[in-house]
Amino acid sequence: MRYLPHTKDDIQQMLDTIGVKNLDDLFASIPGELRAKRELDLPHALTEPQLDREMRRLAFKNNVCATSFLGGGAYRHYVPSAVTELAGRAEFVTPYTPYQPEVSQGTLQALFEYQSMISRITAMDVTNASNYDGATGMAEACLMAKRIGRKRNTVLICDTVHPEWREVTQTTLKSTGMNLVEIPHAGGRLNRSNLNEALNDNVAAIVVGYPNTFGIVEDFADVAQAAHDKGALVIVCVPEPLALGLFEAPGNFGADIVVGEGLSFGLHTTYGGPTLGLFSTQQKFVRQMPGRVAGRTTDADGREGYVLTLSTREQHIRREKATSNICSNQALCATSCAIYLSLLGKEGFTKLARLNAARAQYAKNLLAKIDGVKVAFDAPTFNEFVIELPKPTDDVLHVLANDMMYGGIALNRWYPEMKNHLLVCVTELNTKEEIDMLVEKLIPLLCKEG
Amino acid sequence: MNYPDDRKYSKDHEWIMVDGKTVTVGVTEYAAEQLGDIVYVELPQHGEDFAQGETFGVLESVKAVSDCFAPISGTIAETNDSLSNSPEVINEDAHGEGWMIKINVSDPRELEELLDHDAYEEFVKEETS
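Read top to bottom, the protein sequences are chains A and B.
Note that the first sequence ends on residue 450 in the numbering used here; no numbers are left out.
Note that the second sequence ends on residue 1129 in the numbering used here; no numbers are left out.
In short, the hints are calculated from the structure, not lab data.
Fair warning: there could be bad hints in the mix.
Said to hold, decoys possible - Computed spacing ranges between beta-carbons, pair by pair: (1) A/Glu39 - B/Asp1037: 46 to 54 Å; (2) A/Thr176 - B/Glu1127: 30 to 38 Å; (3) A/Gly295 - B/Glu1097: 45 to 53 Å; (4) B/Asn1002 - A/Gly305: 34 to 42 Å; (5) B/His1046 - A/Gln109: 41 to 49 Å; (6) B/Asp1067 - A/Thr309: 18 to 26 Å; (7) B/Lys1125 - A/Val20: 45 to 53 Å; (8) B/Lys1125 - A/Glu304: 27 to 35 Å; (9) A/Glu39 - B/Glu1127: 56 to 64 Å; (10) B/Asp1037 - A/Glu304: 21 to 29 Å; (11) B/Glu1127 - A/Asp9: 36 to 44 Å; (12) B/Glu1097 - A/Val93: 33 to 41 Å.
Stated by the list, open to error - Non-contacting residues of chain B with respect to chain A, defined by C-beta distances greater than 10 Å in every case (computed): (13) Glu1042; (14) Gln1045; (15) Gln1052; (16) Thr1055; (17) Val1058; (18) Ala1119.
As the list claims (entries may be wrong) - Here are the computed lysine to aspartate or glutamate pairs in the EDC-like style, where the Cα-Cα straight-line distance is at most 20 Å: (19) A/Lys284 - A/Glu197; (20) B/Lys1063 - A/Asp378; (21) A/Lys369 - A/Glu347; (22) A/Lys151 - B/Glu1042; (23) A/Lys151 - B/Glu1121; (24) A/Lys151 - B/Asp1019; (25) A/Lys321 - B/Glu1078; (26) B/Lys1063 - A/Glu314; (27) B/Lys1102 - B/Asp1037; (28) A/Lys321 - B/Glu1042; (29) B/Lys1011 - B/Asp1081; (30) B/Lys1125 - B/Glu1048; (31) A/Lys284 - B/Glu1042; (32) A/Lys151 - B/Asp1005; (33) A/Lys419 - A/Asp159; (34) B/Lys1102 - B/Glu1127; (35) B/Lys1063 - B/Asp1019; (36) A/Lys151 - B/Asp1012; (37) B/Lys1011 - B/Glu1127; (38) A/Lys346 - A/Glu428; (39) A/Lys151 - B/Asp1049; (40) A/Lys321 - B/Asp1012.
From the three backbone atoms N, C-alpha and C, an ideal C-beta is built for every residue, glycine too.
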């Protein structure tokens, strides 16, 4: 893409056109005391070689060569170059709110395909054209449950749902008068008896993690049944949607709303994003769903075409009665996601999920054999799991990091009582050699003395 | 347009048919025509309480969304659930089959504030002129 600044001639031509002599006159309406009387304090322009050198210097500050076993909500997956190339086309990248059907059939169709693919993966009826990220999607899902549940005012949430997602939801719900009640886990899974005690006619929704923050994938069919018996909804939060290539889709065990983080599907983890909020629900709730939806229709001549649909729920028509304050989406990320998923295909999606699970299982087995290390929870996991070390995790990770290896996430960051717990993520990008190396580096670190 | 004289009207373009302590509420033909083709109707639940002027439901047409305001305080006794599958009935028969809700009135004095059919017709004329 080209970024060309205005030349002096450009500027003069624009000034002439609107009949202003110079830039000072153009800004005359701004009171003098509010205007800077000096040049901006910026470094001098660099030559191309100087700039090139500076960018390299900055890039080398990133520890890009380190081996990473980090997950915890952002999962590294290979992004085929076709994704970057196609999604990088100017038609996708440069337009702003490109939703006029007369000129935006390509964008609208890409979003329609995205919605269709996410609906199939989650086994839900409808998917919106995306939210900002999984966390804000979860907050929106709680607000939606409140709209459906009307006078119901409480949301029950497992404490194994991503802690940062819970924080965002807490912030969002603060001014709504809704209560967010946390249900503690038992052995890494949702504690059913605690849930049943808390479940009453005031509960709008139960929020579960799938997989949860410990990487555990549990069957929530019984929870959905219990929720529905009490007239509450089930919101399933999926931080790593690749897991749905291997485990049952939430729509098949009774989910009413599925929210997810689409970062895994064709986006890079650089700076932890950009992120992509997946948001799906059942047809009967579609009018309460936040965000925009691209739909397929036919024009006056019977030709197939794509338009935004159900816009009457949105702010530009419904104003303060809109279903949501969301007034944008992650169109470019959703487009990348659609390209990525179409490249993988149905079989490739399943294969990749199996590969992730197999690599992670290999790592889990090897790590569990280290003296003093044990698998923290006896439960099925996908590409992430928790091990308990014989000493504080922070100390161990520090040594590994100095040795160009990010060994995982110290769970005491979110669960203070878990000082010795390590959350390890293994994707298809982690080779067998890398896993073996992690084990080799850990063994001497975890020996008795220390 | 014809506004039957067997009922009352509100300035929010609703008609109110009184039957003892219960009133039936719908939107007027004028309102239905202004909205255009109605594609979705959101109704309250039985037993919900509304004060006069509160939003009890929503009418959505192909071009606009409008709130429906309770013309009178009370409790929802019945809703016209067939509207969810065939909202077009409001366009076809606003003053009859297109009724929306029945309210058990909590304060009958509020009925006196409503317009009769002549006053409503006059009100519409003023609005459109």
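Consistency of the hints with the structure:
For A/Glu39 paired with B/Asp1037, a C-beta distance near 60 Å fails the hint of 46 to 54 Å. Between A/Thr176 and B/Glu1127 the Cβ separation comes to about 36 Å, which falls inside the hinted range of 30 to 38 Å. Taken as a hint, the range 45 to 53 Å is violated for the pair A/Gly295 and B/Glu1097, whose Cβ atoms sit roughly 30 Å apart. Taking 34 to 42 Å as the suggested C-beta distance range, the pair B/Asn1002 and A/Gly305 conforms, at roughly 41 Å.
For the hinted restraint 41 to 49 Å between B/His1046 and A/Gln109, the CB-CB distance of approximately 43 Å keeps it satisfied. Evaluation of the 18 to 26 Å hint for B/Asp1067 and A/Thr309 yields a pass: the beta carbon distance comes to about 22 Å. With their beta carbons about 51 Å apart, B/Lys1125 and A/Val20 fall inside the hinted range of 45 to 53 Å. Remark: the range hint 27 to 35 Å for B/Lys1125 to A/Glu304 is contradicted by a beta-carbon distance near 46 Å.
In this structure the hint that A/Glu39 and B/Glu1127 lie 56 to 64 Å apart at CB holds, the actual value being about 59 Å. At roughly 23 Å, the beta carbons of B/Asp1037 and A/Glu304 sit within the given window of 21 to 29 Å. Between B/Glu1127 and A/Asp9 the beta carbon distance is about 56 Å. The supplied range of 36 to 44 Å is therefore violated. For the pair B/Glu1097 and A/Val93, the supplied restraint of 33 to 41 Å is violated, since their beta-carbon distance comes to about 52 Å.
Distance check for B/Glu1042 against chain A: the nearest CB is about 8 Å away, which does not clear 10 Å, and the non-interface claim fails. Consistency note on B/Gln1045: stated as away from chain A, yet its beta-carbon is not over 10 Å from all of that chain's, at 7 Å minimum. With 10 Å as the threshold on Cβ separation, the claim that B/Gln1052 sits away from chain A holds: the shortest Cβ distance comes to roughly 19 Å. For B/Thr1055, the shortest C-beta to C-beta distance to chain A comes to about 8 Å, within the 10 Å cut-off, and the non-interface label is violated.
Not every C-beta of chain A lies more than 10 Å from that of B/Val1058, the closest at about 7 Å, which undercuts listing it as non-interface. Listed as outside the interface, B/Ala1119 is consistent with that label: its C-beta sits roughly 29 Å from the nearest C-beta of chain A, beyond the 10 Å cut-off. The hinted pair formed by A/Lys284 and A/Glu197 fails the criterion: a straight-line CA distance of about 29 Å is larger than 20 Å. Of the pairs offered as hints, the one joining B/Lys1063 and A/Asp378 is violated, with about 56 Å between alpha carbons and a cut-off of 20 Å exceeded.
A threshold of 20 Å between alpha carbons decides the hint, and for A/Lys369 with A/Glu347 the separation of about 33 Å lies outside it, so the pair is violated. Restraint check for A/Lys151 and B/Glu1042: the C-alpha separation of about 16 Å stays at or below 20 Å, so the hint holds. Of the supplied pair hints, the one linking A/Lys151 and B/Glu1121 is violated, its CA atoms being roughly 38 Å apart against a limit of 20 Å. Note on A/Lys151 and B/Asp1019: the hinted pairing is violated, with a Cα-Cα distance of about 29 Å set against a maximum of 20 Å.
Only pairs whose Cα atoms come within 20 Å are accepted, and A/Lys321 paired with B/Glu1078 is rejected, the gap being roughly 24 Å. As the CA atoms of B/Lys1063 and A/Glu314 are separated by approximately 13 Å, the hinted pair is consistent with the 20 Å bound. For the given pair, B/Lys1102 sits about 23 Å from B/Asp1037 by alpha-carbon distance, which is inconsistent with the 20 Å threshold. A threshold of 20 Å between alpha carbons decides the hint, and for A/Lys321 with B/Glu1042 the separation of about 13 Å falls inside it, so the pair holds.
At roughly 25 Å between alpha-carbon atoms, B/Lys1011 and B/Asp1081 are farther apart than 20 Å, so this suggested pair is violated. Distance hint between B/Lys1125 and B/Glu1048 is unfulfilled; the C-alpha atoms sit about 34 Å from each other, more than 20 Å. Between A/Lys284 and B/Glu1042 the CA atoms are separated by roughly 13 Å; this keeps the pair inside 20 Å, and the hint holds. Between A/Lys151 and B/Asp1005 the alpha-carbon distance is near 38 Å, which puts this suggested pair outside the 20 Å criterion.
With a C-alpha separation of about 17 Å, the suggested pair A/Lys419 and A/Asp159 falls inside the 20 Å cut-off, and the hint holds. Straight-line distance between C-alpha atoms of B/Lys1102 and B/Glu1127 comes to about 27 Å, which puts the hinted pair past the 20 Å bound. For the hint pairing B/Lys1063 with B/Asp1019, the CA-to-CA distance comes to about 34 Å; that exceeds 20 Å, so the pair is violated. Distance restraint check for A/Lys151 and B/Asp1012: the Cα-Cα separation of roughly 26 Å exceeds the 20 Å cut-off, and the hinted pair is therefore not satisfied.
Of the supplied pair hints, the one linking B/Lys1011 and B/Glu1127 holds, its CA atoms being roughly 10 Å apart against a limit of 20 Å. For the given pair, A/Lys346 sits about 17 Å from A/Glu428 by alpha-carbon distance, which is consistent with the 20 Å threshold. A hinted pair counts as satisfied when its Cα atoms are at most 20 Å apart, and A/Lys151 with B/Asp1049 qualifies at roughly 12 Å. Pair hint A/Lys321 plus B/Asp1012 holds up; C-alpha atoms about 18 Å apart against a cutoff of 20 Å.
Consistency note: the structure conflicts with the earlier hints numbered 1, 3, 8, 11, 12, 13, 14, 16, 17, 19, 20, 21, 23, 24, 25, 27, 29, 30, 32, 34, 35 and 36.
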